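Engineer: Sequence:
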Amino acid sequence: MRKLKVYLDTSVISHLQQEDVPEKMHETQELWKHFKKRPDVEVIISDLVIREISKCSEPKLSFLLSELAQLDYTMVEITEDERGLADIYLKNGVLREKSLDDLTHIAIATLNECRYIVS
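Adding 962 to a residue's 1-based position in the sequence shown gives its number in our numbering.
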């Protein structure tokens, strides 16, 4: 049986510790527990996610990296294919240029055959 692929973008990981929106933080923590218990789900993250998370200040950065370490996930690197698809999305008005990173997340998820993007 093929695993269900789910792409996690930076915002959902960041919400694991987001005191200013406690309801989203709680929901994200529950989702995280769910991912830890589901061997039929393949979690995908990208090097873009890691670069964005790395902009967090301490102690949040250490906390998020610790939480990621507890999750079984597949790391994918951005390729020219993802960059090209993000440019196609941009040219077709999916989002604006200021959201190029978001378009790149979408392209990564698409080309890695993820069924869902969690943001």
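Since the hints were derived computationally from the structure, they do not count as laboratory data.
Model, not experiment: these values are computed from the prediction.
Built from N, CA and C at the ideal position, the CB exists for glycine as well.
Check before you lean on any hint, since a few could be wrong.
What the hints assert, rightly or not - Pairwise CB distance ranges (calculated):
1. 1023 to 996: 19 to 27 angstroms
2. 1054 to 1025: 33 to 41 angstroms
3. 979 to 1050: 30 to 38 angstroms
What the hints assert, rightly or not - Derived pair list, reagent style DSSO-like, types lysine-lysine, alpha-carbon separation capped at 27 angstroms:
4. 1022 to 1053
5. 1017 to 965
6. 965 to 995
7. 986 to 1022
8. 986 to 998
9. 1022 to 998
Engineer: Each hint needs a verdict: does it hold in this structure or not?
Structural biologist: We went through each hint and held it up to the structure:
| no. | hint | verdict |
| --- | --- | --- |
| 1 | 1023 to 996: 19 to 27 angstroms | holds, 24 angstroms |
| 2 | 1054 to 1025: 33 to 41 angstroms | holds, 38 angstroms |
| 3 | 979 to 1050: 30 to 38 angstroms | holds, 35 angstroms |
| 4 | 1022 to 1053 | violated, 35 angstroms |
| 5 | 1017 to 965 | violated, 31 angstroms |
| 6 | 965 to 995 | holds, 18 angstroms |
| 7 | 986 to 1022 | holds, 16 angstroms |
| 8 | 986 to 998 | holds, 18 angstroms |
| 9 | 1022 to 998 | holds, 21 angstroms |
Hint compliance for this structure: hints 4 and 5 are not met, and every other hint is.
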